[in-house]
Amino acid sequence: MYSYIARRLAFGTLTVIGVSIMVFVVMRILPGDPLVAIFGPEGFTKLSEQERAGYMAALGLSDPLWVQYLAWVKDILRGDFGHSFFRSESVADMILRRGPLTAEIALISVVLSWLVGIPVAIVSALRPNTIADSLVRFVSILFIAVPGFWVGMLIVLALLFWFGYRAPMAGASLFADPVANLQLVVGPAIVLGLGQAAYIARMGRSSLLEVIREDYVRTARAKGLNNRLVIAMHALPNALLPVITLSGVLLGLVLAGSIPVERAFGTPGLGYAMFTAVSERDVFVMQNLVFVYAVVFVLLNIVVDVTIALLDPRIRYR
Amino acid sequence: MTAIFPAQPALPTTASRARSALRGIGMFFRRAPFSAFWGCIAAAIVAMAVAAPVIVPYEPLKSDFRSMQKPPSEQHWFGTDQIGRDTLSRVIYGSRASLTVAFGAVLFGTTVGALWGLACGYFGGRFDMVSQRLIEFLQSFPDLILAMAIAMALGGGLVTVIVAIAITRIPFGGRVIRSVVLSLKEIQYVEAARGLGASHKRLMFRHILPQCVAPYLILATTHLGVAIVIEASLGFLGVGIPPPSPTWGNMLSDALNAGLVPPWWLVLFPGVAITITVLAFNLLGDGIRDLLDPRLRGSV
Numbered sequence: 000m001y002s003y004i005a006r007r008l009a010f011g012t013l014t015v016i017g018v019s020i021m022v023f024v025v026m027r028i029l030p031g032d033p034l035v036a037i038f039g040p041e042g043f044t045k046l047s048e049q050e051r052a053g054y055m056a057a058l059g060l061s062d063p064l065w066v067q068y069l070a071w072v073k074d075i076l077r078g079d080f081g082h083s084f085f086r087s088e089s090v091a092d093m094i095l096r097r098g099p100l101t102a103e104i105a106l107i108s109v110v111l112s113w114l115v116g117i118p119v120a121i122v123s124a125l126r127p128n129t130i131a132d133s134l135v136r137f138v139s140i141l142f143i144a145v146p147g148f149w150v151g152m153l154i155v156l157a158l159l160f161w162f163g164y165r166a167p168m169a170g171a172s173l174f175a176d177p178v179a180n181l182q183l184v185v186g187p188a189i190v191l192g193l194g195q196a197a198y199i200a201r202m203g204r205s206s207l208l209e210v211i212r213e214d215y216v217r218t219a220r221a222k223g224l225n226n227r228l229v230i231a232m233h234a235l236p237n238a239l240l241p242v243i244t245l246s247g248v249l250l251g252l253v254l255a256g257s258i259p260v261e262r263a264f265g266t267p268g269l270g271y272a273m274f275t276a277v278s279e280r281d282v283f284v285m286q287n288l289v290f291v292y293a294v295v296f297v298l299l300n301i302v303v304d305v306t307i308a309l310l311d312p313r314i315r316y317r
Numbered sequence: 000m001t002a003i004f005p006a007q008p009a010l011p012t013t014a015s016r017a018r019s020a021l022r023g024i025g026m027f028f029r030r031a032p033f034s035a036f037w038g039c040i041a042a043a044i045v046a047m048a049v050a051a052p053v054i055v056p057y058e059p060l061k062s063d064f065r066s067m068q069k070p071p072s073e074q075h076w077f078g079t080d081q082i083g084r085d086t087l088s089r090v091i092y093g094s095r096a097s098l099t100v101a102f103g104a105v106l107f108g109t110t111v112g113a114l115w116g117l118a119c120g121y122f123g124g125r126f127d128m129v130s131q132r133l134i135e136f137l138q139s140f141p142d143l144i145l146a147m148a149i150a151m152a153l154g155g156g157l158v159t160v161i162v163a164i165a166i167t168r169i170p171f172g173g174r175v176i177r178s179v180v181l182s183l184k185e186i187q188y189v190e191a192a193r194g195l196g197a198s199h200k201r202l203m204f205r206h207i208l209p210q211c212v213a214p215y216l217i218l219a220t221t222h223l224g225v226a227i228v229i230e231a232s233l234g235f236l237g238v239g240i241p242p243p244s245p246t247w248g249n250m251l252s253d254a255l256n257a258g259l260v261p262p263w264w265l266v267l268f269p270g271v272a273i274t275i276t277v278l279a280f281n282l283l284g285d286g287i288r289d290l291l292d293p294r295l296r297g298s299v
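Line order of the protein sequences matches chains A and B. Position 78 of the first sequence, counted from 1, bears residue number 77 in numbering that gives the first Met the number 0, the numbering being contiguous throughout. Position 278 of the second sequence, counted from 1, bears residue number 277 in numbering that gives the first Met the number 0, the numbering being contiguous throughout.
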């Protein structure tokens, strides 16, 4: 087991290094000129040759690329994520302040997706091809198709229209002001949670249908075990393994999906910061945020893999 | 005499090919009427996008300052926006942007991915190992975040958005086609061809590639929906096709920028358009998958 975790972590480190190179390539090399990204194509043409050189030197962009890359990696290792062009707060502080809100949203949405998705999957799989099953399948396909940020806008609009209610705009920590914090988090968490629940219900259904046909389930039934117990004790634990893997993949959906959803709700989380960075063309903040998101995603996937290995010995010993 | 005996099976002519294609579509309708119905809706949306200039009631970019931010009425079925542009016309034009990006990105991304996967699966060895690591790096980014970063770095525009979304599609094509090729490589007819001294090129393109068409088609249709959602999200976040062009994501973003309380018709209609389009392509994809290869259920 430990060797599996060690192997997974080693691969994870390699992936993080690869990811950092990829982020660097995308943000620094692809455009040819970061100044175009910062000032926009029109603003860029207005700059004089001298101004361009001045900006490039000030930003450290006239060094050779590998020097720039190493400098960036060194900064990150020291925990220095740089500054925005437009705000005084450092990016590291911003992540610490806004990150928890997005983490809360992600966590609640995952819990919600399981609470909704699994019971729905069970009902659907135990009575395949009934009206209830067809309804569940259609609704889950619908939920996969609906863009979360649009549902978010509709919810905000409906609450405002019928109840005159709007979630507070300012950030609030879970410990200092739990009520305000909950109001901020609940909307995005529901929208993202239901989106994931649809995938989980689909996967849970097909996985459960497969497991129910297995010999050991028939044996359990044959020895006279109550049907509920057969499902709960024998079928479900095995059917859930692919669902856990899927849930890990869906975390990427949540991390990315929370960006437009937070914009729709006006939630002051990390996703909203990402939106701000993009709309202000703040290349360096964007570079660091993209890197942070990717690293978090890699780490979460390792956690999911290790969890699966803990639960399923077949994977551990491969 | 030759007239009495049945002739050799004729080589497929254009007419017979068309007939067999029609028969295929007929079978699709019988076996999966639900998917076929949504396939028709998808076709209708494509037709709408193509015919947009003819069917729109107003110019999508023209402002009418006498009717600004008006709710749906007889003149403007979907209402007008803050500067008096007709929402219905903009929604119809939005389908153009959305579908161009989706088809372009999926065609480009999935094809590159598929060819890469073909090479990986066929050659194996060190090339495959390095490629798998690269694909893993690509997959370490949530789709939308990678697309955002690329779109922002390249600066906005139609081609940029297509490229940005296409790059996020590469890993999927690569993974699926590689696994298909790995299993095909050992099949006897491929071995026989190899034994006869067929070149790598001939083996890859004449013997293995045709077997990859079904998974490729399935993959491409399934990813159209994802591409449409990513395009809309990019537009909503302000890194899509730049503003004056009517795209569904831009329209939703404009609605939110308009003020604290966006008018409901500006929020409702573009979102409904996205949902119906994505739904149609997803269900069509499901149907095609079930028809062509039921084994792939759940894996793509």
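Quick caveat, the hints were computed from the structure, so don't treat them as lab data. From the three backbone atoms N, C-alpha and C, an ideal C-beta is built for every residue, glycine too. Honestly, I wouldn't trust all of these hints.
[As the list claims (entries may be wrong)] Using C-beta positions, here's what the derived DEER-type ranges look like: (1) B/Gln131 <-> A/Glu279: 56 to 64 Å; (2) B/Val260 <-> A/Ile243: 35 to 43 Å; (3) B/Val129 <-> A/Ile243: 50 to 58 Å; (4) A/Arg86 <-> B/Thr110: 38 to 46 Å; (5) B/Thr110 <-> A/Thr218: 27 to 35 Å; (6) B/Val129 <-> A/Glu209: 51 to 59 Å; (7) A/Gln49 <-> B/Val271: 35 to 43 Å; (8) B/Phe126 <-> A/Arg6: 36 to 44 Å; (9) A/Glu209 <-> B/Arg29: 24 to 32 Å; (10) B/Arg201 <-> A/Val138: 19 to 27 Å.
Subject >> Which numbered hints fail >> reply: 1, 3, 5, 6, 7, 8 and 10
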